[in-house]
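Participant: Protein sequences, first through last, are from chains L and F. With our numbering applied, the first sequence covers 1 to 335. With our numbering applied, the second sequence covers 1001 to 1301.
Treat each hint with caution, since some may be false.
Derived lysine-lysine pairs resembling BS3-like cross-links, with alpha carbons at most 30 Å apart [claimed, not checked]: (1) LYS196(L) x LYS66(L); (2) LYS1023(F) x LYS140(L); (3) LYS140(L) x LYS1188(F); (4) LYS1117(F) x LYS1188(F); (5) LYS240(L) x LYS200(L); (6) LYS1188(F) x LYS1014(F).
Each pair of labels, with its calculated beta carbon distance range [stated by the list, open to error]: (7) PRO132(L) x LEU1030(F): 47 to 53 Å; (8) PRO59(L) x LEU1048(F): 57 to 63 Å; (9) LEU1048(F) x ILE11(L): 37 to 43 Å.
No wet-lab data here; the hints were simulated from the structure. Model, not experiment: these values are computed from the prediction. Just so you know, even glycine gets a beta-carbon here, dropped at the ideal spot from N, CA and C.
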Amino acid sequence: MLSFISRRLLISIPTLIVISLVIFLLLNLAPNDPMAQVPLTVPPEVKQKMREALGLGQPLYIQFLKWLIQFFWIEPQVFIDYLFDTSFSEGKQRVISWQTRSPVMDIIVQRMPQTLWVVGMSYVVGILIAIPIGIYSAYKQYSVFDQVGTFVTMIGYSVPPFFTGVFVIVIFSVQLGWLPSIYDTTHSVVDWETFKIQLKQMVMPVMVLALQTTAMINRFMRATMLDNLNQDYVRTARAKGLSEWTVVMIHVLRNSMIPVITVIALNVPAIFGGAIITEQVFKVNGIGQQLIGAIYANDLPTVQTITFMFAVLIVLFNLLADIIYGILDPRIRYD
Amino acid sequence: MTNNNNIAGKPRSKVRDVWDQFKSHKGALLGAIIFFSIVFLVMIGPFLWPFDANQIDIRSRNQGPSLLHPFGTDQLGRDTLARMMAGGRTSIAVGLAAMALSLFFGSFIGVTAGFYKKLDGILMRITDLFLSLPLLPLLLVMMLLFREPLSEAYGPERGMFVLIVVSIGITSWMPTARIVRADVLALKEREFVLAAKASGTSDTLIILRHIMPNVLSPIMVSATLGIANGIITESALSFLGLGFPPDFPTWGRLLNDAVDYIQQFPERVFWPGLAISLTVLSINYLGDGLRDALDPRMRKR
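Just chain L, same shape as in the assembly (with noise of 0.2 Å):
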């Protein structure tokens, strides 16, 4: 176990290094110039002065060596300074955003709770009503329950999220009036009545991006428990008299879960890219948000990195998979 491990760790440091030098080779060679903002009445030597204090100045190999020891050296020494209150970083050059000209990191820890926050719950309550649909839909296949759940799972495959973030916000914000459309990141909870006013705001994000997560794992977990259910094993059990329930929920569903806890981990990375729209369409000042915020600003450095960030997370979560799958089901081990 321990060298499938090891060796998966290290297929992804290659495949890490190759998709950050994509990102900066795609937003590096594009035609573009931050400059194009400063006025013409700046001379031209002190526009080569602000380039290369931006650190444009040099080959392109030296600026992506440069931005990955910042990405991998320096910004983590900012982080630990920050836990321990050390001084690791001090004097050190973090990466620096064109907009506000602070380090963007500092503005992505603003911005990540927020995310993370509708996100997350979105997940949890997506995988939460998925799972039970999903496996009565496979246990009474064809009913008519399973046809309804089929058919709003294709909805929530087919209608995209900046739909039903629009059409909820239209029933519930303008004619209902129930709802705030507009996401209020400075409120905080304090008492019951707050408490109230958060679990509005977030009840329209959330269910917009629970019902993407609800069609697509709802699918899954119907196939497998499918699979599952028509395998000797199952007739086995019920051949030695095991209750219904002893059978589908102790048996097949723990066997059906298997792949679908990878699904699960696979698709965290796929449902941050969808909060990037859902984000916009209900104004929450998360990640996505500050991306799409920086590249109407053509601020390079956020782009770069937030872009970088979404590519960790698409590894890191593959890997995830990949050793939860082979913990759980000891076949998958190839050593």
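Starting from the known structure of chain L, fit chain F onto it as the hints suggest.
Facilitator: Just chain F now, kept in the frame of chain L:
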């Protein structure tokens, strides 16, 4: 099923078998009908409808549904039905073109990786790499970076079309490549390929004449999913304001424009959203039915 009693009859063609299985899937049939009606409407509609999508009539702005304007008009008095049809044309064209490009890449890489053992490792590593790229952020970045040079080269609308189609194409070929490769790997070991090789057929001919027809069904299923993916991605980009220029209607763009007026005219978001959802839903059902119909194991039951 119904076709078990014609054993003594004349042999049935494969197309006929597929069609019979497809017909028995009600959702797929309905999906096909809806999808082709939408395509027909947006292709033929603009020729029959008296209003042009960009015709501004400021005196009749912000109207509700009426006989003259069944879907109402927008803030500049442009007819919403005309804009919906023009938008659908672009959205579906983007979906089809992006699908074609992604299928081309996907099947090319899949067949090459499956057929030539030497290239398999490197091509599959590249596929894995593409699968670990964060696609939506990268698409947004590509829109940001290449919008202006391409608009200058081909004009704002055509440049954007090329950019969107190419970006969707090169970020969505991976699933097709994987499925095709797996099928080719199995096919390559079959006797008819060996026979073709023994009779001195060149690799290109083996691929074109013996491999391709046999991997056509997974490719067709990916094609349907590819159209849906293309339409959704284009709409998402336009919705985020990084797609086509503002005066050029697409369904995502119309939805984006309608969101600005959501307090005054909430019904406006409904039409483009419904169009996108209905199209994608019908394509997905079509794809489901096609997958069942093309799978011989499903048919023999």
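Participant: Hints first: check each against the structure and report whether it holds.
Facilitator: Quick rundown of the hints versus the structure:
Of the supplied pair hints, the one linking LYS196(L) and LYS66(L) is violated, its CA atoms being roughly 47 Å apart against a limit of 30 Å. For the hint linking LYS1023(F) to LYS140(L), the alpha-carbon distance of about 24 Å falls within 30 Å, and the restraint holds. Taking the CA atoms of LYS140(L) and LYS1188(F), the gap is about 40 Å. The hint is violated against a cut of 30 Å. With a C-alpha separation of about 11 Å, the suggested pairing of LYS1117(F) with LYS1188(F) holds against the 30 Å cut-off.
Note on LYS240(L) and LYS200(L): the hinted pairing is violated, with a Cα-Cα distance of about 50 Å set against a maximum of 30 Å. In summary, the hint linking LYS1188(F) to LYS1014(F) is supported, as the alpha carbons are separated by about 22 Å, within the 30 Å threshold. A beta carbon spacing of about 29 Å between PRO132(L) and LEU1030(F) contradicts the range 47 to 53 Å that was offered as a hint. Checked against the hint of 57 to 63 Å, the C-beta distance between PRO59(L) and LEU1048(F) comes to roughly 60 Å, which is consistent with it.
Taking 37 to 43 Å as the suggested C-beta distance range, the pair LEU1048(F) and ILE11(L) does not conform, at roughly 58 Å.
Consistency with the previously given hints fails for numbers 1, 3, 5, 7, 9, ordered from lowest to highest.
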